[in-house]
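Chemist: Here is how the chains run, residue by residue.
2 protein chains.
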Amino acid sequence: MAAASSDILLDGAGIHATMDRLAGEILSSLPAGVPVGIIGIRRRGEVLAQRLVHELNRRGAAGLEAGSLDITLYRDDLAELGPQAILRKTEIDFDINGRYIILVDDVLYTGRSVRSAIDALVDLGRPKAIRLAVLVDRPGRELPVQADFVGLKVEQSDVPVTVLLTESDGAEEVRVG
Amino acid sequence: MAAASSDILLDGAGIHATMDRLAGEILSSLPAGVPVGIIGIRRRGEVLAQRLVHELNRRGAAGLEAGSLDITLYRDDLAELGPQAILRKTEIDFDINGRYIILVDDVLYTGRSVRSAIDALVDLGRPKAIRLAVLVDRPGRELPVQADFVGLKVEQSDVPVTVLLTESDGAEEVRVG
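From first to last, the protein sequence lines are chains P and B.
Those letters in the first sequence? Residues 1 to 177, per my numbering, in order.
Those letters in the second sequence? Residues 1 to 177, per my numbering, in order.
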């Protein structure tokens with residue numbers, strides 16, 4: 001795709017400002033005295049989760065643990081089913097029982113990856129609550145999932161959203177089309 | 001509890017009118033040419049699902065299938081965990097692959113029963129989409145679940161909501177407190 005055919009919704013500064021706002025919203029939502037875990041869905045959710053943890057620590061949040069989940073969407077062509085979300089890998093080195101979990105992803109679209117991530121977390125224990133934070137909320141939900149913290153809400157349907165982050169992609173922008 | 005200590009939010013006529021409105025909203029949301037399944041979470045979600053199917057058929061909706069899921073919340077005291085939602089029984093006698101599913105429950109509260117119901121459905125196949133319809137939406141979410149169709153939104157936190165339906169309870173009302 002030529003760059004001219006797509007619209008840049010956020011540049012590097014815009015992503016930075018958006019993540020700062022999300023960090024503030026998350027910080028003011030944290031219940032007092034409850035341990036917190038920030039868990040990113042790989043690959044870009046993990047990058048965003050690491051940035052959130054850094055910003056929350058900078059703002060004085062204490063006792064945050066960070067982790068990641070690797071959910072892969074794969075197409076089971078044999079059964080002619082659509083893409084299925086499966087869990088590939090978990091890097092969560094703390095007890096999630098009783099913990100307030102912020103699950104982080106770059107784009108919320110069908111909700112299937114988030115469902116798989118919630119499943120994986122619930123298999124690990126009983127978190128006090130799981131909240132969802134996403135950089136971009138895009139129409140096209142196939143499951144009744146919603147984000148609690150949204151960086152940018154895209155209203156256009158059927159238009160792909162691309163998120164690029166320095167750590168994973170060597171560039172920094174959110175664009176549609 | 002004495003009746004005087006609780007507030008009746010909906011009486012029988014109010015529940016009827018609310019379900020009629022939900023049926024209209026659901027009907028206008030149905031995608032053309034896609035088979036539909038209305039699946040209630042037992043016991044009261046199943047009653048509401050049966051009423052919805054009746055009303056949707058009356059309004060000319062074609063090819064609806066109805067089913068139910070039995071999700072039980074039980075407390076695993078041995079592990080000192082909180083209540084866990086488990087699937088006890090499924091009565092779904094149709095293929096859910098490619099089907100537009102309306103999941104129906106009486107009250108949406110923590111979201112844990114809904115999560116278990118979604119899990120059970122996804123184990124059965126790949127629905128085109130799962131939408132959630134509830135008579136009452138109550139604060140207290142522990143998972144990032146939302147309802148697509150809401151009869152009545154209760155704003156008060158920490159106040160129990162009671163739903164009574166003729167078929168399951170011999171009375172008909174929604175009350176708080």
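Among these hints, one or two may not hold up.
All copies of an identical chain are treated as equivalent in the list; a pair is satisfied when it fits inside any one copy or across any two copies.
Derived pair list, reagent style EDC-like, types lysine to aspartate or glutamate, alpha-carbon separation capped at 20 Å [to be verified]:
1. Lys153 - Asp70
2. Lys153 - Asp20
3. Lys128 - Asp158
4. Lys128 - Asp20
5. Lys89 - Glu142
6. Lys153 - Asp119
7. Lys89 - Glu172
8. Lys153 - Asp123
9. Lys128 - Glu55
10. Lys153 - Asp95
11. Lys128 - Glu142
12. Lys89 - Asp70
13. Lys89 - Asp7
14. Lys128 - Asp95
15. Lys128 - Asp11
16. Lys89 - Glu25
17. Lys153 - Asp7
18. Lys128 - Glu173
Hint data in this document are derived by calculation from the structure and do not stem from the laboratory.
Chemist: Does each hint fit the structure? Answer for all of them.
Modeler: Going through the hints against the structure:
no.	hint	verdict
1	Lys153 - Asp70	neither (24 Å within a copy, 36 Å between copies)
2	Lys153 - Asp20	within (16 Å within a copy, 32 Å between copies)
3	Lys128 - Asp158	between (35 Å within a copy, 16 Å between copies)
4	Lys128 - Asp20	neither (25 Å within a copy, 36 Å between copies)
5	Lys89 - Glu142	neither (24 Å within a copy, 24 Å between copies)
6	Lys153 - Asp119	neither (25 Å within a copy, 27 Å between copies)
7	Lys89 - Glu172	neither (26 Å within a copy, 48 Å between copies)
8	Lys153 - Asp123	neither (30 Å within a copy, 31 Å between copies)
9	Lys128 - Glu55	neither (23 Å within a copy, 39 Å between copies)
10	Lys153 - Asp95	neither (33 Å within a copy, 34 Å between copies)
11	Lys128 - Glu142	between (26 Å within a copy, 7 Å between copies)
12	Lys89 - Asp70	within (5 Å within a copy, 31 Å between copies)
13	Lys89 - Asp7	neither (34 Å within a copy, 49 Å between copies)
14	Lys128 - Asp95	within (12 Å within a copy, 35 Å between copies)
15	Lys128 - Asp11	neither (35 Å within a copy, 34 Å between copies)
16	Lys89 - Glu25	neither (29 Å within a copy, 40 Å between copies)
17	Lys153 - Asp7	within (14 Å within a copy, 38 Å between copies)
18	Lys128 - Glu173	neither (34 Å within a copy, 31 Å between copies)
Of the numbered hints listed earlier, those contradicted by the structure are 1, 4, 5, 6, 7, 8, 9, 10, 13, 15, 16 and 18.
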